[in-house]
Amino acid sequence: MNNFVKQALAGLRILLVLTVITGVLYPAAVWGVSRLPGLQSNAEAVDTTLVGVARDGDQWFHTRPSAATLPASGGSNKGERNADYDQVVAERRTAIAHREGVSEDRVPQDAVTASASGLDPHISREYAELQVPRVARATGRSAQAVHDLVAASAGGTFTETVNVTELNRALETAR
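Each residue of the sequence shown is one higher than the one before, counting from 991 in the working numbering.
Because the hints were derived from the structure by calculation, they are not lab data.
Quick reminder that beta carbons are idealized off the backbone N, C-alpha and C, glycines included.
It is possible that some hints are incorrect.
DEER-style ranges, computed between Cβ atoms [as the list claims (entries may be wrong)]:
hint	residue 1	residue 2	range
1	P1017	G1145	31 to 41 Å
2	T1038	F1148	14 to 24 Å
3	D1048	T1163	14 to 24 Å
4	P1017	S1132	45 to 55 Å
5	A1018	R1071	43 to 53 Å
6	S1132	S1024	36 to 46 Å
Can you build the whole structure from these sequences, using the hints too?
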(Lines of atoms letter the chains of each structure in order from A and count residues from 1; the text may use other names and numbers.)
(Lines give C-alpha, C1' and ligand atoms only; values in the text may rest on other atoms or scores of the structure.)
Protein backbone atom coordinates (compact mmCIF):
# COMPACT_ATOMS: atom_id res chain seq x y z
CA MET A 1 0.00 0.00 0.00
CA ASN A 2 1.44 3.37 -0.93
CA ASN A 3 1.73 6.38 1.40
CA PHE A 4 -1.20 8.23 -0.16
CA VAL A 5 -3.63 5.39 0.54
CA LYS A 6 -2.32 4.97 4.11
CA GLN A 7 -2.78 8.69 4.82
CA ALA A 8 -6.24 8.69 3.24
CA LEU A 9 -7.33 5.74 5.40
CA ALA A 10 -5.89 7.38 8.54
CA GLY A 11 -7.76 10.60 7.72
CA LEU A 12 -10.98 8.66 7.11
CA ARG A 13 -10.64 6.85 10.47
CA ILE A 14 -10.12 10.19 12.27
CA LEU A 15 -13.12 11.67 10.45
CA LEU A 16 -15.33 8.76 11.49
CA VAL A 17 -14.16 8.82 15.11
CA LEU A 18 -14.64 12.59 15.45
CA THR A 19 -18.03 12.39 13.74
CA VAL A 20 -19.19 9.81 16.27
CA ILE A 21 -17.78 11.81 19.21
CA THR A 22 -18.99 15.28 18.19
CA GLY A 23 -22.08 14.28 16.23
CA VAL A 24 -23.50 11.50 18.38
CA LEU A 25 -21.86 11.05 21.79
CA TYR A 26 -21.57 14.73 22.80
CA PRO A 27 -25.15 15.71 21.83
CA ALA A 28 -26.46 12.57 23.56
CA ALA A 29 -24.49 13.43 26.72
CA VAL A 30 -25.81 17.02 26.76
CA TRP A 31 -29.35 15.76 26.26
CA GLY A 32 -28.87 13.22 29.04
CA VAL A 33 -27.55 15.81 31.49
CA SER A 34 -30.47 18.11 30.71
CA ARG A 35 -32.82 15.36 31.83
CA LEU A 36 -31.21 14.90 35.26
CA PRO A 37 -33.48 15.59 38.24
CA GLY A 38 -33.10 19.07 39.68
CA LEU A 39 -32.42 20.76 36.36
CA GLN A 40 -36.10 20.93 35.51
CA SER A 41 -39.15 21.50 37.62
CA ASN A 42 -42.49 20.37 36.18
CA ALA A 43 -41.02 20.62 32.66
CA GLU A 44 -40.13 24.28 33.24
CA ALA A 45 -36.63 25.72 33.32
CA VAL A 46 -35.12 26.30 36.72
CA ASP A 47 -34.94 29.95 37.81
CA THR A 48 -31.87 31.78 36.62
CA THR A 49 -30.70 35.36 36.63
CA LEU A 50 -28.37 34.76 33.69
CA VAL A 51 -31.07 35.59 31.14
CA GLY A 52 -32.78 38.94 30.78
CA VAL A 53 -36.52 38.80 31.35
CA ALA A 54 -38.41 41.80 29.99
CA ARG A 55 -41.46 42.82 32.02
CA ASP A 56 -44.10 45.32 31.03
CA GLY A 57 -45.29 48.08 33.32
CA ASP A 58 -43.87 51.07 35.13
CA GLN A 59 -43.37 49.07 38.35
CA TRP A 60 -40.49 47.10 36.75
CA PHE A 61 -37.00 47.96 35.61
CA HIS A 62 -36.61 47.59 31.87
CA THR A 63 -33.87 45.66 30.11
CA ARG A 64 -32.00 46.70 27.01
CA PRO A 65 -33.94 46.52 23.77
CA SER A 66 -33.53 43.24 21.92
CA ALA A 67 -32.49 42.74 18.30
CA ALA A 68 -33.70 39.13 18.48
CA THR A 69 -37.07 37.87 17.44
CA LEU A 70 -38.21 35.43 20.08
CA PRO A 71 -38.01 32.51 20.55
CA ALA A 72 -34.78 32.74 18.57
CA SER A 73 -31.66 34.56 19.67
CA GLY A 74 -29.51 36.56 17.29
CA GLY A 75 -28.54 40.06 16.27
CA SER A 76 -29.75 42.27 13.46
CA ASN A 77 -26.41 43.02 11.75
CA LYS A 78 -27.35 46.70 11.64
CA GLY A 79 -24.56 49.03 12.63
CA GLU A 80 -24.18 52.65 13.62
CA ARG A 81 -23.89 53.75 9.98
CA ASN A 82 -27.22 52.20 9.02
CA ALA A 83 -29.86 54.92 8.57
CA ASP A 84 -32.71 52.59 9.59
CA TYR A 85 -30.92 51.65 12.79
CA ASP A 86 -30.12 55.30 13.54
CA GLN A 87 -33.82 56.07 13.24
CA VAL A 88 -34.75 53.20 15.56
CA VAL A 89 -32.18 54.37 18.14
CA ALA A 90 -33.51 57.95 17.93
CA GLU A 91 -37.09 56.72 18.41
CA ARG A 92 -36.05 54.63 21.40
CA ARG A 93 -34.19 57.58 22.92
CA THR A 94 -37.28 59.79 22.58
CA ALA A 95 -39.59 57.12 24.03
CA ILE A 96 -37.33 56.39 27.00
CA ALA A 97 -36.78 60.08 27.73
CA HIS A 98 -40.54 60.56 27.74
CA ARG A 99 -41.17 57.46 29.90
CA GLU A 100 -38.53 58.46 32.45
CA GLY A 101 -39.34 62.19 32.38
CA VAL A 102 -35.83 63.34 31.43
CA SER A 103 -34.23 65.09 28.48
CA GLU A 104 -32.99 62.90 25.62
CA ASP A 105 -29.35 63.72 26.38
CA ARG A 106 -29.70 61.97 29.77
CA VAL A 107 -30.68 58.62 28.22
CA PRO A 108 -27.66 56.28 28.34
CA GLN A 109 -26.47 54.43 25.26
CA ASP A 110 -27.34 50.96 26.53
CA ALA A 111 -30.98 52.02 26.93
CA VAL A 112 -31.34 52.56 23.18
CA THR A 113 -28.92 50.11 21.56
CA ALA A 114 -30.10 46.54 21.24
CA SER A 115 -28.64 43.51 22.91
CA ALA A 116 -27.64 41.24 20.04
CA SER A 117 -28.83 38.04 21.66
CA GLY A 118 -31.77 39.60 23.47
CA LEU A 119 -30.77 37.52 26.48
CA ASP A 120 -28.43 39.88 28.31
CA PRO A 121 -29.80 40.61 31.81
CA HIS A 122 -27.41 43.51 32.51
CA ILE A 123 -27.84 47.25 32.10
CA SER A 124 -25.55 50.06 33.13
CA ARG A 125 -25.85 51.49 36.63
CA GLU A 126 -26.67 54.81 34.95
CA TYR A 127 -29.68 53.32 33.14
CA ALA A 128 -30.90 51.64 36.33
CA GLU A 129 -30.60 54.88 38.31
CA LEU A 130 -32.54 56.71 35.57
CA GLN A 131 -35.45 54.30 36.17
CA VAL A 132 -35.51 54.61 39.98
CA PRO A 133 -37.99 57.54 40.23
CA ARG A 134 -40.52 55.86 37.89
CA VAL A 135 -40.30 52.50 39.68
CA ALA A 136 -40.57 54.19 43.08
CA ARG A 137 -43.72 56.08 42.00
CA ALA A 138 -45.31 52.98 40.45
CA THR A 139 -44.59 50.72 43.43
CA GLY A 140 -45.28 53.27 46.16
CA ARG A 141 -41.80 52.80 47.62
CA SER A 142 -39.40 55.55 48.52
CA ALA A 143 -36.76 56.40 45.94
CA GLN A 144 -34.12 55.51 48.54
CA ALA A 145 -35.57 52.02 49.02
CA VAL A 146 -35.55 51.40 45.26
CA HIS A 147 -32.05 52.89 44.99
CA ASP A 148 -30.90 50.44 47.69
CA LEU A 149 -32.29 47.52 45.65
CA VAL A 150 -30.36 48.80 42.61
CA ALA A 151 -27.18 49.01 44.67
CA ALA A 152 -27.69 45.45 45.93
CA SER A 153 -28.07 44.15 42.36
CA ALA A 154 -25.04 46.03 41.02
CA GLY A 155 -21.72 44.39 40.37
CA GLY A 156 -19.24 43.67 37.66
CA THR A 157 -15.60 43.11 36.94
CA PHE A 158 -14.62 45.91 34.57
CA THR A 159 -17.70 48.11 34.57
CA GLU A 160 -20.50 48.26 37.10
CA THR A 161 -23.71 46.77 35.76
CA VAL A 162 -27.07 45.88 37.24
CA ASN A 163 -28.75 42.53 36.68
CA VAL A 164 -32.33 43.51 35.78
CA THR A 165 -33.74 40.01 36.28
CA GLU A 166 -32.28 39.87 39.79
CA LEU A 167 -33.42 43.43 40.51
CA ASN A 168 -37.02 42.79 39.40
CA ARG A 169 -37.15 39.63 41.49
CA ALA A 170 -35.95 41.65 44.49
CA LEU A 171 -38.72 44.17 43.82
CA GLU A 172 -41.24 41.34 43.65
CA THR A 173 -40.17 39.71 46.91
CA ALA A 174 -39.80 43.01 48.81
CA ARG A 175 -43.51 43.75 48.50
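Going through the hints against the structure:
1. P1017 with G1145: 31 to 41 Å: 34 Å, holds
2. T1038 with F1148: 14 to 24 Å: Distance hint for T1038, F1148 holds at roughly 22 Å.
3. D1048 with T1163: 14 to 24 Å: 19 Å, holds
4. P1017 with S1132: 45 to 55 Å: 51 Å, holds
5. A1018 with R1071: 43 to 53 Å: 45 Å, holds
6. S1132 with S1024: 36 to 46 Å: 43 Å, holds
Violated hints are absent here; each numbered hint is respected by the structure.
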